[in-house]
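Now for the letters of each chain:
There are 2 protein chains.
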Amino acid sequence: MKKSGGLNGRIVDDGMMPLAKDSPAYYPLMSYAGLKPTYPVAAVNENGDPRNVEIAGELPLTIFVDDQEVVTLMTLGTHPEELALGYLHNQRLIEKIETVESVHVDWAKESAYIKTIGGNTGELLQSKLIKRTVTTGCGQGTVFSCTIDGLYESNITPMKLHQLTVNRILKDLTQYNEIYKAAGAVHGCALCSTQQVEIFVEDVGRHNAADTIAGKMWLERISGKDKIFYSTGRLTSEIVMKAALMEIPVLISRSGITHMGLELAQDLGITMIARVKGSKFLIFNGHDHFIHDA
Amino acid sequence: MKKSGGLNGRIVDDGMMPLAKDSPAYYPLMSYAGLKPTYPVAAVNENGDPRNVEIAGELPLTIFVDDQEVVTLMTLGTHPEELALGYLHNQRLIEKIETVESVHVDWAKESAYIKTIGGNTGELLQSKLIKRTVTTGCGQGTVFSCTIDGLYESNITPMKLHQLTVNRILKDLTQYNEIYKAAGAVHGCALCSTQQVEIFVEDVGRHNAADTIAGKMWLERISGKDKIFYSTGRLTSEIVMKAALMEIPVLISRSGITHMGLELAQDLGITMIARVKGSKFLIFNGHDHFIHDA
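Line order of the protein sequences matches chains A and B.
For the first sequence, my numbering assigns the number 462 to the initial residue and increments by one for each residue that follows.
For the second sequence, my numbering assigns the number 462 to the initial residue and increments by one for each residue that follows.
What the hints contain is simulated information worked out from the structure, not anything from laboratory work.
Because the structure is a prediction, the values reported are computed rather than measured.
Worth double-checking, as some hints may not be accurate.
Copies of one chain are not kept apart here, so a pair can be met inside one copy or by any two copies together.
Pairs of lysine to any residue, SDA-like flavour, derived with a Cα cap of 20 Å [unchecked claim]:
| # | residue 1 | residue 2 |
| --- | --- | --- |
| 1 | K576 | G509 |
| 2 | K642 | G694 |
| 3 | K557 | R682 |
| 4 | K642 | V737 |
| 5 | K741 | R512 |
| 6 | K741 | F751 |
| 7 | K632 | N506 |
| 8 | K686 | N508 |
| 9 | K741 | E515 |
Isolated chain A, as found in the complex (with noise of 0.2 Å):
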């Protein structure tokens, strides 16, 4: 979807689909600050040949809520905004997007300023914020101890999903992961419907891709409930975690999975596949609601 530019005066294609719907009653205003996801450079092959190939970008993202400083993510800098949104969101550490009146990237700066209306919200965000550095503090993105509260009051009801269906996915999806076939170096995650991909983000970290995308969905207030999330990543306890927070039913992966994200899924009723080759896969969670083709 091509954006023109806003407070940074820059175009970018999303690389997100149209979504046909009616725009919603509250928008936050936005920069359109995304980065193009490559950069040219000269390498040289193991017979001295030189070769012009692309690499991913990284930069440091840091996130400020009313000038309160959150976090800094390495990211490929395509989303900001929307990925600065759905940090916020599988954090729980904002609760309504109709909260947030204005979200600003500046890359000068690189910083995401998020306001919130009234831009009161600095006092209680804080108190969240100190409970990360007592509690928890995950090396692989953080977690604060108001997302495992946020966790367990999430809302999964299981889906009853076809081989047909995933299969049609999976199909799908080889149309995608352009900046993992240019440059390397990303993980792509996907949010789709049953009947095809209806988002798909690449970013040089797995979890800025599931934020991402969380920042669409809580943007566009599209509902997880009767959705599909794919990562070309492990499904990590993190990942499990992020889906489980969009109450999105079903994870599908081209990768393998951890034991700690087994039993998270198992408690939180999500339907986990992974290990995906072709149209083969196991499932390892939620068989109970799998429909096996004829």
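Given the coordinates of chain A, work out where chain B should sit on it, guided by the hints.
The following block gives chain B in isolation, referenced to the frame of chain A:
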């Protein structure tokens, strides 16, 4: 290398090559609480046939130094003591291994307890940890400001690298990645001499595998100056940083690189080889020190 059960009474194979060298004079008191990396689980394939497979473990490990909580890492759990030490070393949170009295991992509490001699680093450490919250905290593994300071103090001496050496190591590496072959969902990192793979570690986090190698190097007083660091994962800025803090002059990855990873390698004078396929690869930095086969 088999180790008899330590404080937790387990016997584990730590998957590391024994290093033929004299024991160093000082070694901290350590538990050997390494866990088996994989769990057997029952899955179902796309046709409904049952399949018994192995999946990778994933456990939180919270690191405490003299009762001060530092961070929680999600890990496979095979080398928790080396991981904890390597993390503290690579973040420059503890300067000398000789100040570490003991490392005790207790899985019942999902914690690694590091005691320093005198036990009074608490205050100094706390001042370093506070800087994290103020300055940065990268989504992919936390970075403290003292780490960045350490980075530009690190001493990288360029190393002549023969194409023959790279091919020898790549060939030797094909014997490794046992956990990945069994269960997927892990990344592997290796410390190599110009002759062979010296240490190979797999973990659910790329950063953890690198930190575990750093911990082993720190304990065994292995210099990085004449070594090559290999990773199955992408060479992002954080992996380049960790290699620099280990003073390793050559990085090789089967996967791609990021723009920030490349810039950092250029600044620090680290040779960067990536996109390895068989004996084909691309040299992104350090071509001046590379000697092609005649």
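Hints numbered earlier in the text: which of these fail when held up against the supplied structure?
Those not satisfied are hints 1 and 8.
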